[in-house]
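Take a look at the letters that make up each chain.
There are 2 protein chains.
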Amino acid sequence: MIIPVILAGGQGTRLWPMSRSARPKQFIDLIGGSSLFQQTLSRVSDKSRYTAPIIVTNAEYRFLVADQAQEQGVTLETILLEPSARNTAAAIAAAAHAAFQQDEEAVLHILPSDHLVTADDDYFHAVDRAQAAARDGYLVTFGINPSWPETGYGYIAVGEGLGNGTHKVARFVEKPVAPEAERMLAEGGFVWNSGMFMLPAKLFLSECEALAPDVHAAAGAAVVLAKRDLDFTRLDTEAFAKSPDISVDYAIFERTDRAAVIPVSFQWSDLGAWDAVWKAQDRDANGNARSGPVDVSNSTNTLVVSDSAHVVVDGLDDVAVIATEDAVLVSRLSAAQNLGAVTKRLRGAEHTKALTETHKTSYRPWGGYASILMSDRFQVKKLFVKPGKKLSLQKHHHRSEHWVVVRGTAEVTIDGKVTMLTENQSIYLPLGCTHRLANPGKIELELIEVQTGSYLGEDDIIRIEDEFGRQ
Amino acid sequence: MIIPVILAGGQGTRLWPMSRSARPKQFIDLIGGSSLFQQTLSRVSDKSRYTAPIIVTNAEYRFLVADQAQEQGVTLETILLEPSARNTAAAIAAAAHAAFQQDEEAVLHILPSDHLVTADDDYFHAVDRAQAAARDGYLVTFGINPSWPETGYGYIAVGEGLGNGTHKVARFVEKPVAPEAERMLAEGGFVWNSGMFMLPAKLFLSECEALAPDVHAAAGAAVVLAKRDLDFTRLDTEAFAKSPDISVDYAIFERTDRAAVIPVSFQWSDLGAWDAVWKAQDRDANGNARSGPVDVSNSTNTLVVSDSAHVVVDGLDDVAVIATEDAVLVSRLSAAQNLGAVTKRLRGAEHTKALTETHKTSYRPWGGYASILMSDRFQVKKLFVKPGKKLSLQKHHHRSEHWVVVRGTAEVTIDGKVTMLTENQSIYLPLGCTHRLANPGKIELELIEVQTGSYLGEDDIIRIEDEFGRQ
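Protein chains in written order, with the working numbering: chain A, 40 to 510; chain B, 40 to 510.
It should be emphasised that the hints constitute simulated quantities derived from the structure, not laboratory data. Mixed in with the good hints, there may be bad ones.
[Said to hold, decoys possible] Below, a list of computed lysine-lysine pairs in the BS3-like style, where the Cα atoms sit at most 30 Å apart:
#1 B/Lys383 - B/Lys281
#2 B/Lys420 - A/Lys481
#3 B/Lys425 - B/Lys456
#4 B/Lys425 - A/Lys434
#5 B/Lys399 - A/Lys420
#6 A/Lys399 - A/Lys481
#7 B/Lys434 - B/Lys399
#8 A/Lys383 - A/Lys428
#9 A/Lys392 - B/Lys86
#10 B/Lys434 - A/Lys420
#11 B/Lys281 - B/Lys86
#12 B/Lys420 - B/Lys434
#13 B/Lys399 - B/Lys428
#14 A/Lys428 - B/Lys420
#15 B/Lys434 - A/Lys421
#16 A/Lys399 - B/Lys86
#17 B/Lys399 - A/Lys392
#18 A/Lys420 - B/Lys420
#19 A/Lys421 - B/Lys420
#20 A/Lys399 - A/Lys434
#21 A/Lys421 - B/Lys392
#22 A/Lys456 - A/Lys428
[What the hints assert, rightly or not] To list a few chain B residues with every Cβ distance to chain A over 12 Å, as calculated:
#23 Trp187
#24 Ser330
#25 Arg371
#26 Arg446
Quick reminder that beta carbons are idealized off the backbone N, C-alpha and C, glycines included.
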């Protein structure tokens, strides 16, 4: 049995404006009808092959991870929360320590949560071969046979055969310039480094101890000292912070003599930037990929995506248009990998910072809300509350609120008095009252909140009690 | 004294998505801080030169015309409503008939309401010369000295001098192909046909009677049989429909021997398409023009306009990006004149038709509303009601409504019972009740309406009484 380890802490800044730091790439339905994280969960759902997965993520994404797993009907037993971002070496080492505690012979399948993979027979055949090679004492990488001279990926030079489709790694090649990528493609014997691995926990930890002892020690201590918090395991902050910020490739793979590679040809993309999303999507004869309410004419090689306004593109070539409710990106598709610099600039400016952080709809463990109209004296929000969930008991100093239930049933407690509201009923919450909203029903509760007051910031909230442990 | 005649019936389809048929180009704040119609009113506000203007528009725009004039503090005495679109010859002939009834010696200054003009000393100097030439017995056109070889305008070949900067028209030249436009610019002696005229009403009518007798007769009968409706004059439908659909250039100017032209050099643009808007705006050193919350980098020759989402444009050349709340256009700027075909296609498709007709915010004589959230079972609207105005007495068969006042004072009548609501108060309107909303206050009333019901279309409205004469 393999223990899947899903890495779900990435930020996906090059897929802005769809991907934002509070709900990045792996948690949005970018392609395929569910989130990439959920698709990753599906790939490890075969109970004849896999145990329950270990998720490594950060505290900010803990409810997203839990909710999206629940939506998929997956029970998560181990969600490791990284107290700081320390790159893949520390994340994988922590997972390996945690797995080793339970089973010294554990084999780990490391899966980034933000890749697009077609899990067909080829894929599972490769997984089985990788497992066999891992049990034979190798740290196995999955290498994708290249289809074009991509400059956005690292490459692996495939070395001598080990049988069963497995090879030793001859060497790793960093992201190449275009002529080098073309040479490798023409020459053959090179594969893309996919970032997916199959590792015996014990071997990985011993190699880590030998080659990156700081990482090994920091991750080990962080696991030993970890604290349980609801369904989450918080790695120890101080211990984890001592790990160098280094990728598993640099720390281990490029230095071990136990690295093996399995060249594979299943459909794979890291969806690293909008050009990769375009390549992964269906396109018309002119190379136009569309998603959402869009209209593309007289154009070639475009990616046009909208989850909001109707987008009309006419007479253009090589353009990405990505429209969300509150931000629209229009850029050269073939230069999509440069978007990191643009989002960095947006993040650095006061008036655009929020656009890189949150979507118009914010998700909370109990459901979420969208601000649908904002003025200086009032704000209109749509709230949605999951069945059985309740918000914190709270009060506001500067605003009163009207709630109109438009779907489901609300249990509203105002200054200790409980009222049940159904669709088409409303209630008033005067300034300063203590109140709590709960959904006692079996379907999602939706309500429209009209706030009025002199200050309408999210920080005017005094939480008196909260079942999710928030202050 | 000159009688200004403002033509305000155009549709402006090539400035979609900002311009839509229910509120086209001339009524939106496209450039300059007020609408082009309002800017046109300002140009004729000098009471030492002009009488009150005659507005020619269609029934759909009558409240827009009245409201925007009121906003400017302009009292309109004559608003002629065209019962059908019959092009400029009939519109000007109707205005000339109406003016002639009042003053047989009237001189008319014909102004399209959707042009951008810098009304500086040069401009008024030209107006004065045009008036003198008109009183000398000429039908005067304003010809703009060309600054580039524009192919989107008609040209006028300037003929022999008549003194005082006025010339006879040698001939009219239709919109030229590029080489011809370049030849005319190089050769000199050609000006752009601006569509602005100075006409003695009597001479225009006699030339019209001689050269386009159908137009003359139809417009004359439509004025004689016109009906007064509130502040509007409805031209007779049957009579007006008999006019041929023909421009004043074809019908009169190209055939009369009384045509004169005054070459002028004041700033003028017909803002006919997005490239003209770009030319009329301030641009940075790379040729980028910006308006609204936008961010343009590594780009040249772009027009980026947003009245809603934050728009980020990176790495592009020769592109127009126009973002509104519910539609975004991305097209080649230099091909902006082709947009007519795109909007025609949108208008022809059921799911995009509404995007060519109305903005997200709809304007009514009493104020207006914006749909801010729509689902199959509920809708949230923001309503705004002008001081002293009231909506129709009405009821709905399929929806109930909650109203929350967020600004101002509301007088709400439900089944005969009157309630006054102030900011932060709410009221419920059960399905089937007769109700009426009024703003008895001195400031604009704003309220949030939450509708719930099985059918939420605008046509579920039974008007029992309406002060604006609507059914």
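Mind listing which of the numbered hints don't hold for this structure, in increasing order? Result: hints 4, 8, 9, 11, 16, 25 and 26 break, sorted rising.
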